[in-house]
Amino acid sequence: MTNAPSAITVQSVSKSFGRGDAAIRVLHDVSVEIGAREFFTLLGPSGCGKTTLLRLIAGFEELDSGSIAIEGARIDHLPPFQRPVNTVFQNYALFPHLTVAQNVAFALEMQNLSAAEVRRRAGEALEMVRMGSFAARKPSELSGGQQQRVALARALAPRPKVLLLDEPLSALDLKLRKEMQIELKQLQTEAGITFVFVTHDQEEALTLSDRIAVMQGGRILQLDTPRTIYERPAHRFVADFIGEINLLDGQVSGPGRVRLDCGAEIAVAADQTPGARVTVAIRPERAALAQSGALPAEVTHAAYLGTATILQLRLANGAPFLLRAASANLPEIGAQVSLHLPSDALQVFAA
Amino acid sequence: MSATSPFRRAGLVGPALLVVLILVGVPLGIMAWVSLLGRGATIGVDWQSAPSFANYTKLIWEEDFDGTLLFNPTYLSILWRSVWQAAATTVICVALGLPVALWMSSLSRGARDIAVLLITIPFWTNLLVRNYAWLIILREDGAVSKAANAVWPFGPVQLLYNDAAILIGLVYSFLPFMILPIYAGFEKFDWRLLEAAYDLGANRRRALTRVIVPLAMPGIIAGSMLVFIPSLGSFVTAAILGGGKSMMMGNLIQLQFGQSRNWPFGAAISVVLLALMMLVLMGIAIWKNRQERKT
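Chains G and Z are the protein sequences, given in the same order.
The first sequence begins at 1 in the working numbering and counts up by one.
The second sequence begins at 1001 in the working numbering and counts up by one.
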């Protein structure tokens, strides 16, 4: 997507844990190019291999096959302390016996910089995360959000080429998480380095990322911008995992037509072989209530959200359907309504 | 704190304090008193003699025929040997115990329990028996001795009845007391801290000195006290493996209460040993205090 050379090139990487018949393959031939200064997110449910991929880049695990390069130079044979990457750990892993300032200075001291230089750059890193006044504290005397900031400063202080973040916000409460999301994004722009971010929170991924790789079962299912991933999911799994979506099973009845299991026939903008089983997907905000239509439904529940109301509907075959509607002129619970599904809002996946 | 009344607290703590006072405080008092008395004719102590510090001055000075005091290094050298033997034992135990404890904490839960069991197994056998076992292992025509002599090019190797033999025996006896407290500290060790150290550019050696050792320090200090103090007062090992040639404080005390029948002098040496241990403990406490204030 950019002309800049790739910050990270992951090529045909496979990884298994365990030996022999008990071996569990956690990464299957994964390849990905991450651009310079990109905010890149590995998104997926737990066990999808996202953390393993991150740990392979950091050097905490060894590759079974494939290669990893940073700015064109292979690093997969190097020990972690010789790689130009730093990690922000899930539970921060701050050194409990060192002060905030000593934690941040750790990597700089490992580079054998002069004491004055160490102090200056550690101070800079702490200022960047607005923790300068906490320099003399111990990690145990800080709140979760403050520890998070120190962990960021510690990882950024040695000026790595790539910052790896392993679910860094998962231990924070919702409000703090939102604040830290904004700060993370600002910090990335300021520091001007590549961020590789691992999360299972799809909302976080959509908010922060330049590009997202959605992973499942050790493979990358889709790799694209947040917008494309949300609007044009390439797999049923991606559609289901990212945001809320209605998945309706049916059968292709003719060119551009699908007969849903609830009995209604709808127009779709996709070519599928007639007779094939398919799943039609539509976001709750893309469907609409209509005066009359081919898709009848009954209102079972309404959740008022302020800006909108989420209606829970039941189709003729009992399948549930979510609809996001404006909060004015809403039907009563129990009312019979008709649904309009615009064909450009529909995604069709082969079952 | 709880709302326990002072009376209730005194009632709860009182019995334990009383036991400590009667079983530890009183005997120590008697020992201190005896150390000031003279030697008895039949039993080891003359209760009627006038108290003096003669037994203490005897540790350093010798009375000449005309009453002048001459410096006598015999006892001081025994004291010195005891201190450095105990110190060397402690250092070797740290060097051996730290890696073992670290390795144990990396094992699976079941394997850890077995490792702890294996380390405590020697305690099922009497210390005396275990020291005699070393006598057999290290004896002149034993396999170890023969192998050492075959490999070592500079003259015959003597494994028994010297300071090295005592050191081997002491390290063997007290190593578990070093491993277990360090291991107890490592059991809660967060291994991601080690990954963090590597990630931030520390190689193995610096990860060890900058992260692992500082975090293991409470265990190392506890282990060092558990090893140093009993080593300083030990006498079985020196008597058996040292062949009675190189005497330690413990042997000297035993000698005074046994063959020499000079209880007051034995008591005086015991008091000195006790004072020495107190000094070490206080030194460690002061050092720890300063460390905590520094960071």
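Hints listed in this document are in silico derivations from the structure and should not be mistaken for laboratory results.
Virtual Cβ for every residue (Gly too), placed ideally from N, Cα, C.
Be aware that one or more of the hints could be misleading.
[What the hints assert, rightly or not] With a Cα cut of at most 27 Å, we get these calculated DSSO-like pairs of lysine-lysine: (1) G:K161 - G:K175; (2) G:K185 - G:K161; (3) Z:K1245 - Z:K1058; (4) Z:K1288 - G:K138; (5) G:K185 - G:K175; (6) G:K138 - Z:K1188.
[Unchecked claim] To give an idea of the chain G side of the interface with chain Z (calculated C-beta under 10 Å), a few residues: (7) F17; (8) G59; (9) P79; (10) Q82; (11) V85; (12) T87; (13) L98; (14) E109; (15) Q111; (16) A115; (17) L164; (18) C262; (19) A308.
Structure-based check of all given hints:
{"no.": "1", "hint": "G:K161 - G:K175", "result": "violated, 30 Å"}
{"no.": "2", "hint": "G:K185 - G:K161", "result": "holds, 16 Å"}
{"no.": "3", "hint": "Z:K1245 - Z:K1058", "result": "holds, 22 Å"}
{"no.": "4", "hint": "Z:K1288 - G:K138", "result": "holds, 17 Å"}
{"no.": "5", "hint": "G:K185 - G:K175", "result": "holds, 16 Å"}
{"no.": "6", "hint": "G:K138 - Z:K1188", "result": "holds, 19 Å"}
{"no.": "7", "hint": "F17", "result": "violated, 15 Å"}
{"no.": "8", "hint": "G59", "result": "holds, 7 Å"}
{"no.": "9", "hint": "P79", "result": "holds, 7 Å"}
{"no.": "10", "hint": "Q82", "result": "holds, 8 Å"}
{"no.": "11", "hint": "V85", "result": "holds, 8 Å"}
{"no.": "12", "hint": "T87", "result": "holds, 5 Å"}
{"no.": "13", "hint": "L98", "result": "holds, 8 Å"}
{"no.": "14", "hint": "E109", "result": "holds, 8 Å"}
{"no.": "15", "hint": "Q111", "result": "holds, 6 Å"}
{"no.": "16", "hint": "A115", "result": "violated, 16 Å"}
{"no.": "17", "hint": "L164", "result": "holds, 9 Å"}
{"no.": "18", "hint": "C262", "result": "violated, 51 Å"}
{"no.": "19", "hint": "A308", "result": "violated, 42 Å"}
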